[in-house]
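Which chain is which? The protein sequence lines are D and C, in order. The first sequence begins at 8 in my numbering and counts up one residue at a time. The second sequence begins at 8 in my numbering and counts up one residue at a time.
Worth double-checking, as some hints may not be accurate.
Which copy is meant is left open, because identical chains are indistinguishable; a pair holds if it fits in one copy or across any two.
Derived DMTMM-like pairs: lysine to aspartate or glutamate, alpha-carbon spacing no greater than 20 Å straight-line [as the list claims (entries may be wrong)]:
hint: 1; residue 1: Lys55; residue 2: Asp95
hint: 2; residue 1: Lys124; residue 2: Asp140
hint: 3; residue 1: Lys124; residue 2: Glu134
hint: 4; residue 1: Lys143; residue 2: Asp121
hint: 5; residue 1: Lys143; residue 2: Glu29
hint: 6; residue 1: Lys126; residue 2: Glu109
hint: 7; residue 1: Lys143; residue 2: Glu113
hint: 8; residue 1: Lys143; residue 2: Glu84
hint: 9; residue 1: Lys124; residue 2: Glu113
hint: 10; residue 1: Lys143; residue 2: Glu83
hint: 11; residue 1: Lys55; residue 2: Glu44
hint: 12; residue 1: Lys70; residue 2: Asp59
Don't read these hints as lab results, they were simulated from the structure.
Protein chains: 2
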Amino acid sequence: MIFSRAAEYAIQAMLYLAKWHETHPEERYLQTREIAEAQEIPYYFLAKIVQDLTRFELLTSAKGPQGGIALARSPEEIRILDIIAAVDSTQYLSRCVIGYPECTPETPCPLHYDWQKIKTQIFHIIEHVTLADLIKDAQFQNGRLVAPLTFGVVSVELGESSGKS
Amino acid sequence: MIFSRAAEYAIQAMLYLAKWHETHPEERYLQTREIAEAQEIPYYFLAKIVQDLTRFELLTSAKGPQGGIALARSPEEIRILDIIAAVDSTQYLSRCVIGYPECTPETPCPLHYDWQKIKTQIFHIIEHVTLADLIKDAQFQNGRLVAPLTFGVVSVELGESSGKS
DNA sequence: CAATTTTCGGACAAATTTATCATAAACCGT
DNA sequence: ACGGTTTATGATAAATTTGTCCGAAAATTG
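The whole structure should be built from the sequences, with the hints applied where relevant.
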């Protein structure tokens with residue numbers, strides 16, 4: 008588990024909003040409650056997370072009827088990193104894998120260089136991938152976004168065959 | 008933070024033991040207290056972790072004077088994965104990054120394929136890297152193992168120059 | 001203006017992880 | 001056999017994360 012629950016929920020909600028906005032360009036706000044129910048996220052917990060996201064100006068909110076929340080910027084301008092930074096602290100990317108307090112390039116822990124590669128890749132993803140990238144071609148299924156099956160081992164034609172993972 | 012504190016401490020302690028055993032082949036047991044103090048790990052917490060490690064037969068222990076703990080197998084035969092498995096659950100490698108309960112190759116979350124690569128690499132490391140690999144050429148410094156500076160950007164000759172990270 | 005709907009904020013509760021303690025059990029040297 | 005030393009165990013406490021609740025505050029509608 009790399010991200011906290013809060014971060015996972017935040018990303019889920021932001022994805023939901025982005026995709027919904029794409030298909031309902033006329034409607035401005037979506038209610039937190041609807042997102043929570045669609046994604047089976049505990050409502051009150053999500054409400055708290057949403058507050059963080061608005062404080063960090065990733066969301067705008069409006070009270071009252073027809074109110075709700077909406078992306079504060081376009082999906083192209085919201086990166087995973089922005090979301091993580093709002094709800095988690097991103098210090099796990101600087102923290103030593105095995106917890107050495109002085110794990111630096113000068114006094115690296117034995118796993119330092121191997122792990123550096125991993126961290127670099129993780130950082131690359133969360134820094135570059137935007138909501139727009141993620142909702143592209145993805146579709147809702149049971150309230151959650153499912154990626155197009157055009158990358159993996161098996162693409163299209165998923166009949167009775169193929170094992171599960 | 009990928010691993011739990013407990014897992015970090017466990018790896019630290021196992022590394023310490025392995026290296027110490029290498030340089031003191033005559034002495035059988037090392038005391039938990041000594042490891043805790045050398046690595047600044049809360050003693051009682053480490054003692055708990057050590058119990059898990061002995062239950063999983065990664066360590067053997069002996070009570071009484073001249074007692075303590077020792078590796079149950081040679082460092083070549085102890086992988087990071089073994090240590091993690093003893094103190095954490097390794098389910099975070101199967102868990103979806105953004106927490107979708109149904110994130111499978113058939114209904115992958117939008118980050119699934121990108122993250123798959125990361126997970127594969129993490130698994131590859133913890134599955135293949137052994138204590139023997141890690142202590143090789145590493146040396147103690149303030150009670151902690153420091154890797155040889157022969158990989159990184161800067162090797163040897165680290166005078167007044169070079170920035171920190 | 002009143003009623004309704006929604007977010008906001010603080011306080012609280014539950015669960016998990018991290019850390020501490022006290023005591024028992026095992027061992028060793030004498 | 002005894003006293004000291006060390007791990008083993010179970011109980012407990014503190015800290016953090018996760019989840020819940022309620023009473024506002026703000027906005028819309030009639």
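Quiz item: Where does the structure disagree with the numbered hints, that is, which hint numbers, in rising order?
Solution: Violated hints: none; all satisfied.
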